[in-house]
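Trainee: Residues per chain are reported as follows:
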Amino acid sequence: MPLNDSYGPTGRETRLLGKLRSLNWTLVGLITAVCCIGFGLLYSVAGMSLEPWADRQMLRFAVGVMIMIGIAVVDVRWWFQLAYPIYGISLLLLVAVEFVGRMGKGAERWIDVGPLQLQPSELMKIALILALARFLHGVLVDDVSRPTRLFMAVLLIALPAGLVLIQPNLGTALILIVGGCGLIFLAGLSWKIILPVVALIVAAVPVGWEFVLKDYQKQRVYTFLDPDSDPLGAGYNITQSKIALGSGGLFGKGFGEGTQSRLNFLPEKQTDFIFTVLGEEFGLFGLLILMGLFTAILYQGVQVALDTRSQFGRLVAMGVCLNFLLYILINTSMSMGLIPVVGIPLPLVSYGGTALLTVLFGFGLLLSVQVHRAVDIPRSAAALI
Amino acid sequence: MMDGRESVRYRAFSRRTAILSAGTAGLFALLTGRMFQLSVLQREQFATLAEDNRVNLQLIAPRRGRVYDRTGVELANTTQNFRVLLVPEQAKDVRAVLEKLSQLIPLSPNRLERILRDALRSKAFNPVLVTEGLNWEDFVKVNINAPDLPGVKTDMGELRSYPFGPWLSHVLGYVAGVTDKDIEKEPELLSLPGFRIGRSGVEKAADDALRGKPGAQQVEVNAHGRVIRELGRREGTTGQDVVLSLDMEVQKVAQEKLAGQSGSVVVMDVTNGEIISIVSAPGFDPNAFTGTISPAIWKQLNQDELKPLLNKAITGIYPPGSTYKPIVALAALASGAMTPRDRVHCSGARALGNHVFHCWKRGGHGSVDMHIAIKQSCDSYFYECARRTGIEAIAAMSRKFGIGQTYGLEIPGEKSGLMPDPDWKRRARNDSWRDGDTFNVGIGQGAVLTTPLQLCVMTARLANGGKAVIPHVIRSFGGVDRELAVPEDMGLDPAHVAIVHGGMDAVTNQGGTGARSRIDVEGFDMAGKTGTAQVRKLTAALRGRNSDSIPWKFRDHGLFVAFAPVKEPRYAISVIVEHGGGGSKAAAPIAKEVMTVVAQRDPARKKYFVPPARTAQGLVTKA
Numbered sequence: 159m160p161l162n163d164s165y166g167p168t169g170r171e172t173r174l175l176g177k178l179r180s181l182n183w184t185l186v187g188l189i190t191a192v193c194c195i196g197f198g199l200l201y202s203v204a205g206m207s208l209e210p211w212a213d214r215q216m217l218r219f220a221v222g223v224m225i226m227i228g229i230a231v232v233d234v235r236w237w238f239q240l241a242y243p244i245y246g247i248s249l250l251l252l253v254a255v256e257f258v259g260r261m262g263k264g265a266e267r268w269i270d271v272g273p274l275q276l277q278p279s280e281l282m283k284i285a286l287i288l289a290l291a292r293f294l295h296g297v298l299v300d301d302v303s304r305p306t307r308l309f310m311a312v313l314l315i316a317l318p319a320g321l322v323l324i325q326p327n328l329g330t331a332l333i334l335i336v337g338g339c340g341l342i343f344l345a346g347l348s349w350k351i352i353l354p355v356v357a358l359i360v361a362a363v364p365v366g367w368e369f370v371l372k373d374y375q376k377q378r379v380y381t382f383l384d385p386d387s388d389p390l391g392a393g394y395n396i397t398q399s400k401i402a403l404g405s406g407g408l409f410g411k412g413f414g415e416g417t418q419s420r421l422n423f424l425p426e427k428q429t430d431f432i433f434t435v436l437g438e439e440f441g442l443f444g445l446l447i448l449m450g451l452f453t454a455i456l457y458q459g460v461q462v463a464l465d466t467r468s469q470f471g472r473l474v475a476m477g478v479c480l481n482f483l484l485y486i487l488i489n490t491s492m493s494m495g496l497i498p499v500v501g502i503p504l505p506l507v508s509y510g511g512t513a514l515l516t517v518l519f520g521f522g523l524l525l526s527v528q529v530h531r532a533v534d535i536p537r538s539a540a541a542l543i
Numbered sequence: 020m021m022d023g024r025e026s027v028r029y030r031a032f033s034r035r036t037a038i039l040s041a042g043t044a045g046l047f048a049l050l051t052g053r054m055f056q057l058s059v060l061q062r063e064q065f066a067t068l069a070e071d072n073r074v075n076l077q078l079i080a081p082r083r084g085r086v087y088d089r090t091g092v093e094l095a096n097t098t099q100n101f102r103v104l105l106v107p108e109q110a111k112d113v114r115a116v117l118e119k120l121s122q123l124i125p126l127s128p129n130r131l132e133r134i135l136r137d138a139l140r141s142k143a144f145n146p147v148l149v150t151e152g153l154n155w156e157d158f159v160k161v162n163i164n165a166p167d168l169p170g171v172k173t174d175m176g177e178l179r180s181y182p183f184g185p186w187l188s189h190v191l192g193y194v195a196g197v198t199d200k201d202i203e204k205e206p207e208l209l210s211l212p213g214f215r216i217g218r219s220g221v222e223k224a225a226d227d228a229l230r231g232k233p234g235a236q237q238v239e240v241n242a243h244g245r246v247i248r249e250l251g252r253r254e255g256t257t258g259q260d261v262v263l264s265l266d267m268e269v270q271k272v273a274q275e276k277l278a279g280q281s282g283s284v285v286v287m288d289v290t291n292g293e294i295i296s297i298v299s300a301p302g303f304d305p306n307a308f309t310g311t312i313s314p315a316i317w318k319q320l321n322q323d324e325l326k327p328l329l330n331k332a333i334t335g336i337y338p339p340g341s342t343y344k345p346i347v348a349l350a351a352l353a354s355g356a357m358t359p360r361d362r363v364h365c366s367g368a369r370a371l372g373n374h375v376f377h378c379w380k381r382g383g384h385g386s387v388d389m390h391i392a393i394k395q396s397c398d399s400y401f402y403e404c405a406r407r408t409g410i411e412a413i414a415a416m417s418r419k420f421g422i423g424q425t426y427g428l429e430i431p432g433e434k435s436g437l438m439p440d441p442d443w444k445r446r447a448r449n450d451s452w453r454d455g456d457t458f459n460v461g462i463g464q465g466a467v468l469t470t471p472l473q474l475c476v477m478t479a480r481l482a483n484g485g486k487a488v489i490p491h492v493i494r495s496f497g498g499v500d501r502e503l504a505v506p507e508d509m510g511l512d513p514a515h516v517a518i519v520h521g522g523m524d525a526v527t528n529q530g531g532t533g534a535r536s537r538i539d540v541e542g543f544d545m546a547g548k549t550g551t552a553q554v555r556k557l558t559a560a561l562r563g564r565n566s567d568s569i570p571w572k573f574r575d576h577g578l579f580v581a582f583a584p585v586k587e588p589r590y591a592i593s594v595i596v597e598h599g600g601g602g603s604k605a606a607a608p609i610a611k612e613v614m615t616v617v618a619q620r621d622p623a624r625k626k627y628f629v630p631p632a633r634t635a636q637g638l639v640t641k642a
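One line per chain: the protein sequences are Z and P, in this order. Numbering (the working numbering) for the first sequence: 159 to 543. Numbering (the working numbering) for the second sequence: 20 to 642.
Calculated from the structure, these hints are not laboratory results. For clarity, every value in this text was computed on a predicted model and none was experimentally measured. Some hints here could point you the wrong way.
To be verified - Under 7 Å between C-beta atoms, here's a sample of chain P residues computed to sit facing chain Z:
no.: 1; residue: Arg24
no.: 2; residue: Val27
no.: 3; residue: Arg28
no.: 4; residue: Ala31
no.: 5; residue: Leu50
no.: 6; residue: Arg53
no.: 7; residue: Leu57
no.: 8; residue: Leu60
no.: 9; residue: Gln61
no.: 10; residue: Arg62
no.: 11; residue: Phe65
no.: 12; residue: Ala66
no.: 13; residue: Ser451
no.: 14; residue: Trp452
no.: 15; residue: Arg453
Glycine included, C-beta positions come from ideal geometry on N, C-alpha and C.
Okay, chain P solo, but in the shape it has when bound (with noise of 0.2 Å):
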């Protein structure tokens, strides 16, 4: 039932269809001929290569980039050690090979319950970390009786040091071995035996620009697994250097005048919001987390009422006391509440309702303007000043100093603080904001919380005359530098930034609560501002009595910011005590030490470092 034109295309459908049949058949016995060439005519040279020599590809650690200072000086490092692995495939019974290895090198029974979950674990023909850092002697022991100990290597490794060990834990961070979790992420590069991620501070925070890229080795074994010589290699890429914007001397004389106490400097460069020093006392040594950490010295930090392991710069949050006057200073002068001249008498206390607000000083100021009142820390002043300038205004103008915020530093872990508003209070403790809440908002008590970090970039916005400056530590990754936004104009008026400048110059050089704090360097004096944060409500008892006689932890903390110089500021400070009694005792005079370093180093005028580009093999030769 065809008609004639579809028996035509029948028939060239079938003519085409038997062209294409012995073209595939033609391609088909070249196929066969291809599989008889390589399993019959070169087989003998193909078997030897899959049979004798096993040619098998590895991958090579990268090594991780070098921390430095701003100056040059190394602060994390890579050191190369002596490691030994074990390969669970070769091993078939690893417990066995383990047992026989414990008694050439010491391994506590700790270590191999470890080892053998890390064997589980890792899939079978991947090496897992056995021990490292091992001696010379303990090394060679492990050469010579291989033979005997199936499935274990030997190589050498890589381990991070921290040359400064506590006086930077705070800021580096440290690295540490990686979870299951990690592994999902990258798994060749990272179930690496021993390999290590960075697991806080800028250790975490640049782990990418740090971690670089994997080499691959190409190696003969032998039959059991073993490598019998290398044929070819791929460099993987070093990790970036990054360069910080510490100086390591600054750092370490912040470090010693804490040593024994707990707190908190922070020195940053008003004009870029590049930290020169950042420190949290005490430290702890991050060496100890590099390697397997011995659970004494870990229950030892965790215990240590100075709390070691808090990075206080950051995550400590203080009430700021009276260094937060000049902010409600600035706020009364910028809402037209106050006005430089108008004058508040103080007798020593003040009573609102049944309440009564007391000066620090008791017999009273008598009558101060604002530059007065600043210079001598007058709390009567700031309490009238506070209540006619009202809390929403101060709460404005204290967001603008960034107070209540995080600033995405490059050390992860920032606490953001408290700025109590109306608002807040109705939200939090569901109660109505009062005329006292104004009041000890004024003198930086109540409920707002600030950050050692939070005080620095206040003071520095303030030295800079409202420059909203961003803080970080990181300058450069590989030697090229970061870009960073130039910082937003915060709209003050340069005649309000003066006369609270005045007012904190005073305190520190014309007699004021920091007055024994001066500096005598040439052209870099220091306007500063002392304060005092309450741990616990003053009895009348506790009033007026010597700190020296309450137990540690109820004194006051000690607290004070400054900028310098005076003129054109470029440094701003703060420095927070804990439980050091008053801030022109406890605080001030570290900061006079560290500004005056400071002040002959002038780290941020010096040009900066700018790493030396390197090769996976280390250094680059010139020529």
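Here chain Z stands alone, though its shape is the one from the complex (with noise of 0.2 Å):
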């Protein structure tokens, strides 16, 4: 039994400090040390200089730390009473991106409030788990796969997916669907339904591939198929990833040295080819302390999950591990040429801070759900009203 009583009110100020005390400050301390490899990849790449990645990222990092201990020692409560406006403001964010969204890269992705660039899809990823974390801890296992409750679930992850694909923006829409699909499964889905959904998914591809990718998407699965067809379009990023990981060898071609990344023969080498740089500069051996420290992470996350007392907790942390866990296969396995070219970053260690700030928020959440584990939330509470 995940049951621990040890959690309650005592007074204002000792409750906050008690909160900080029981947080988990491994996870933080992992958190800070992928972190950190990110830093001084990023100190590496701008040629032994922290401007102009390092600093910022540090920066964004500091800021972000705290955002995230904030979000932790609030009660988990406020967080599922804000589950469902927060998933109806990402959502209006998303249609009104459609309309004053600029454009970035090729695709409309952010919007402008004031200063701030904000970038809906990314938020969408957080309000995502929430709405449907709090929607399933309504829902007993029987009754996952009931007809009405299946549609609304489905429907909660279509809106935000279906408005997402059309930006178009792929990467963030696999994570979304994969992510929502993910907790859905947890709350308890009949196999009776899994199966035959999974071999419909087989079926749709050929559809899919004729009627919803876009022919940039398209060009990507062609280089990945064959990258020599292209070597100085799309299939050059491939290429030159590879050689770059490739060369690397068992311990690296040492700090500052990677001849790919420095002589500017590999693109976007501070985003989405960080992990190419890790591997060129640190080998093998560096790549499998990144991933030790993923893995580190990922436990924790799941060990916070399986101590958690509500339907509610456990779904959220589980959701935060799904949704880092999908950036980082993504992202390995598209700089190792495994899959196309997607544009998703190295999550904690890529240079921009929008996607870290979406980390380390749904961080903050899962550690929120870690103090407060202890915490009964109704099943009843669920309902909307």
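Relying on the hints, combine the two individually framed chains into one complex.
Mentor: In structure tokens:
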């Protein structure tokens, strides 16, 4: 039984201190370690210089960690209450981005809020976890597979995923759909439904290829299957990334010695292909250390989920873990030429403020679940009103 | 304290979590295997690729499109030339390398400073231009010494060239290097060494079309970054060829006739606004601007009294003088203030208050009607005509003819000139409009200001019977004709137009002020109007003096506008000779020569040149 009633309200001051003391600092430490690897790599690809990437990323991390801990000490019931409003706002922003979105790398994904650049699709990654967890919290295992309940859950995923897909942002849509389905799976969806659906998806691949994928997305698949067909265009990235990774060998060329990245052969080296830089400079050894840290973080996350009393908390924790895992799987497979190029950063390592904040925000929620793991939330509370 | 259903839920959740974790472990094992495969099993292969032969991707500058005249004469093209480049990152000590280089080829201290500045500004791996236009001997010298010059590269670049030099300087403009501001817009392309973009004229207006898209080449480089061989190449898209509406033969004649003078000629097809010739004299050699312009040439161009850098055809503003009278006549007819038969007595001068308004003819013209007034350019008639019509009606008619506005010509920099009216005077001079102002406007003096382009448009719109044609010089981009709007109808009464045409016909063909400039080509008689714009107020002492005895810069501007043929007008022309004296003497003869060539060539009726399709390598060879 994952029950531990040590948590109890005793005055405001001590409560905050108590929360901070019970916080999973191991997890915070692991996250910081991964980010530090990121800082080092950004320093290296800038030609051993803090500018223009490492310094800014450190600043964002400092702010992000504070936000993360701030989120962690907020009572998980608050997040339970806020789940639907946050989801609603995110959905509205996603619609708004269709109208006022501004062009960034050929895809409309940004919206300006004063001086901030907001990426509603990033916000949605968090919002979907919260909303889905809250909805499924009110559904018993046997009811998950009922058409009405299942329809609602699928709708919660399909609305934002559809909006993100027409932006078009294939990577984020993929994370929303797979992450969302993962939560329904965890809530106990019957195998009688899972198996036929999987079969249907396999059958639908040719149809999707023909009617859903845009030309540039198809092109990525073509060049993935045969990178040499377009060595100067899209295949260039894959080829260069493999060369960089492969030439790193067991222990790499050394810090700041990665010729592929230093001499600018490698595109997007500070964002999408930073995993490659790690491989070139620190070799298989460096890659395994990073994968080890990632595994440790995921292990901690799963432990939090298994140790939590409310179904909402468990699902939020696993949702965050699933998202984190998908980022890692997609980015590393892409860097190693296992899947076509998709614009997904390596979480906590790649340069980029929005992605870093989203991931830290997610871990903030996971930690909030962890701190309040003993809090019980009645099943009936999941009803909308 | 968990109820039964909650424990069922927890057990299901743990089971599923275990399944997911197992799946994740499997995927991580797969990834680790891939890492092992790449960095251990295939290490040799990739290490070789990365270390020995580094494969680099370089942008190839697109070829700039050519510019042709309407018959296919090349007006701007690109020539190959030998260049020397420097990659700062590979040079390590840029100054030392340049020092060595300057012992091989001539490099001025100015140039050295410039290269050092470029090297600092650009990214270390981007080559900067050291010099270009090298002769073969110097080029070989640099190549032989290349091993001692780290970071120095040689290649073939392109240089823009303008075969007609000063004759088209104001139309074509020129290209020049990019500034930091430009680079922000298109960083990759514009930081190519020696890349140039249009800075004025058609080169600037059509820059996007002419520029093209860059290609890329994959090259093997050795440890010093020197290219060993080319692996692959994706050609860029050559810039589009641009065909202008100009006829180079007409342009040449106009240019020759203005030689040694300061002035402007504009010739236009009155049916569609296509400009056949647009000349501002003197010109300058745009070829001097594509490289680095020498300070001496720059200084000389700037100090020249004839102002060669000014495009007078579109930026020179002059009082239209008597060339404006046909518009005043039309305004009078349209408003009903005058009928063609109304006569005005000209005694040579007319008093208004305590001011005397003179006619150019001292003894006066006697009794004149509209036809004679236009033919003889009688000032007294047009004082009265303007007085009866009123400034508002004249201004409204003038605006229909395009005075006081710009047209968005594909040569940037048009000036709008000025059509004065009471409103303007209140705003600009804080003074009320007086009858004397109207008198002055009546003869095209006072505050009315026009450009030679506007005078030509005015004449074209008059010639075609009131179709508001818009002037333009570009016919097609990449062989595709531009779409032109059908000119708006200005709503003139054909009978009024006929009267004015008749008066202008008489100017040249029936012994009027332009009689000496009559055209003798059968079926191509020219109707015109002379004009003289005062540069400063005439004093009694100067009046009637031979203009040759007045200092050059105080002499009147000579103007002439005309269209031909009279029966079926097709071409309009405006000529301005700065400080040339009277229009009949200075400007009309030039118009006659130019229009005679136009008559012989009749460019508007010839088929347009269509540039051949081209690939990045050059012309498509026909099978």
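Trainee: If you check each hint against the structure, which ones fail?
Mentor: 8, 13, 14, 15
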